[in-house]
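Using numbering that gives the first Met the number 0, you'd call the opening residue of the sequence shown number 0 and step up by one each time.
Mixed in with the good hints there might be a few duds.
Computed Cβ-Cβ distance ranges for the label pairs, DEER-style [what the hints assert, rightly or not]:
#	residue 1	residue 2	range
1	L35	K300	55 to 61 angstroms
2	A266	G320	43 to 49 angstroms
3	D288	A416	53 to 59 angstroms
4	R55	A449	46 to 52 angstroms
5	R376	D401	26 to 32 angstroms
6	E126	E297	49 to 55 angstroms
7	S156	E297	47 to 53 angstroms
8	S360	K435	23 to 29 angstroms
Worth flagging that the hints you see were computed from the coordinates, not collected in a lab. Where a beta carbon is used, it is the ideal one built from N, C-alpha and C, also for glycine.
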Amino acid sequence: MKHIITPLIFSFAVFVNAAVAQQVRMAPDSMEDVRLSFAPIVSETAPAVVNVFATRTVRQQSRRSPFMNDPFFRRFFGDDAFGMPRERVQNSLGSGVIVGPDGVVVTNNHVIEGGDAFKVVLSDRREFDAELILADDKTDLAVLKIDAGNEALPFLSFADSDTAEVGDVVLAVGNPFGVGQTVTTGIVSALARTQVGVSDYQFFIQTDAAINPGNSGGALVDIDGRLLGVNTAIFSRSGGSNGIGFAIPANMVSRVVSSAVDGGVLARPWLGANTDTVTAALADTFGLDRPIGAVVTEIYKGGPADRAGLKRGDIVLSADGFDIFDSETLRYRLATGETGDEAALTVKRDGKTRNVRLKLSAPPETPKRDLTDLDGRHPLNGAVAGNLSPAFAEEIGRDLLDTGVILTGVQGRSVAARYGFRRGDKILTVNGAEVKTVKQLIRELSRYEAGWSIELERRGRVLSLNTR
Numbered sequence: 000m001k002h003i004i005t006p007l008i009f010s011f012a013v014f015v016n017a018a019v020a021q022q023v024r025m026a027p028d029s030m031e032d033v034r035l036s037f038a039p040i041v042s043e044t045a046p047a048v049v050n051v052f053a054t055r056t057v058r059q060q061s062r063r064s065p066f067m068n069d070p071f072f073r074r075f076f077g078d079d080a081f082g083m084p085r086e087r088v089q090n091s092l093g094s095g096v097i098v099g100p101d102g103v104v105v106t107n108n109h110v111i112e113g114g115d116a117f118k119v120v121l122s123d124r125r126e127f128d129a130e131l132i133l134a135d136d137k138t139d140l141a142v143l144k145i146d147a148g149n150e151a152l153p154f155l156s157f158a159d160s161d162t163a164e165v166g167d168v169v170l171a172v173g174n175p176f177g178v179g180q181t182v183t184t185g186i187v188s189a190l191a192r193t194q195v196g197v198s199d200y201q202f203f204i205q206t207d208a209a210i211n212p213g214n215s216g217g218a219l220v221d222i223d224g225r226l227l228g229v230n231t232a233i234f235s236r237s238g239g240s241n242g243i244g245f246a247i248p249a250n251m252v253s254r255v256v257s258s259a260v261d262g263g264v265l266a267r268p269w270l271g272a273n274t275d276t277v278t279a280a281l282a283d284t285f286g287l288d289r290p291i292g293a294v295v296t297e298i299y300k301g302g303p304a305d306r307a308g309l310k311r312g313d314i315v316l317s318a319d320g321f322d323i324f325d326s327e328t329l330r331y332r333l334a335t336g337e338t339g340d341e342a343a344l345t346v347k348r349d350g351k352t353r354n355v356r357l358k359l360s361a362p363p364e365t366p367k368r369d370l371t372d373l374d375g376r377h378p379l380n381g382a383v384a385g386n387l388s389p390a391f392a393e394e395i396g397r398d399l400l401d402t403g404v405i406l407t408g409v410q411g412r413s414v415a416a417r418y419g420f421r422r423g424d425k426i427l428t429v430n431g432a433e434v435k436t437v438k439q440l441i442r443e444l445s446r447y448e449a450g451w452s453i454e455l456e457r458r459g460r461v462l463s464l465n466t467r
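Full structure from sequences and hints, please.
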């Protein structure tokens, strides 16, 4: 059967301290140790794990009735019975974790995505309306805030997820299938899982603790009762738990939460370069004893990598002392840093190893995106165009080093729509003239000729429109 990476949301539609971190890890050496209970940890941590409800109202067109135009029937049955749009409420249910005494709650973005109103229900049945203060689809995390007044709130403190080891005992707390809060136990079965495909920043803690749909946003807790990660997906054949679950590490969660609390703007540091993962074949070429690291393939002029002196062909072996296994690992390590700080990179160049200091900064919006509605007598009438920049490219999920002009929207039934233009198309040329900025695009479109020849890039393919 096909394996599926499944986000753990449960949905339905209805109407209406450093010392502690370094403690010695030991296996139980007697039956007395085996009989020890997790109850003290559960009683301390479970109250901080909550249910998160997201509600949105959608308009649904009723089925058209042949009698809808008859005044007699409309007089007695009303418009709603004869094809008029009806509103219905959709609810989604997931889990969340209170991570501060001020009512800050973290959950998965896919739990609250598209919601108009949010509610948080504690394990003691207290209910609070919640305000969304940050939603980040890149990490699949969202941060809510509840106001409990003078009421005390339970919360979990963050663990240092970089100290986790394979074999550590963990507890998964959440609300699977909407049946109520449950607690399961297991171990950390793998670290630094990057080829999962759940979010843009892939670097997950893997566990065999049973997690199921509805556990999304729930807590993965270490043996000291701290938040080690936020459960977000499972590897499953049937949609149920097969013992392979994935959690976003606490260090990434903490980074997103702190950004939300500090103003709701998440500025992620970037390398300012494109990299490829070092494969076995490349490792042999570069003289490495094993496949490790990320090789620099392209550098953004004036970016962090350029300023740090990195060059094409350099292999980044470690960041701040942590091994870099692939491009995703490097991206994660930089993204969990703070802008303005420095990252210590170990780089191999021409067979020699050197240390590099990389100043962390957010991707710049240069040039400005200059979003413009296109109108006039040309095939792009009804489209919206903008300039690509590293910051804008990150927002829309494109290569951060990509440049040029991209269509950010196409109105339905517009001229552009009829010609087949789509959101995400990158305009390359207009009547043979290269287009690099929105201003250039507007200038070329204003030069009306007997016909049009437009080249565009779509998903790596170059397509042409010719009306001559």
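A quick look at each hint next to the structure:
no. : hint                            : verdict
1   : L35 / K300: 55 to 61 angstroms  : 59 angstroms, holds
2   : A266 / G320: 43 to 49 angstroms : 24 angstroms, violated
3   : D288 / A416: 53 to 59 angstroms : 55 angstroms, holds
4   : R55 / A449: 46 to 52 angstroms  : 49 angstroms, holds
5   : R376 / D401: 26 to 32 angstroms : 30 angstroms, holds
6   : E126 / E297: 49 to 55 angstroms : 51 angstroms, holds
7   : S156 / E297: 47 to 53 angstroms : 40 angstroms, violated
8   : S360 / K435: 23 to 29 angstroms : 24 angstroms, holds
Consistency with the previously given hints fails for numbers 2, 7, ordered from lowest to highest.
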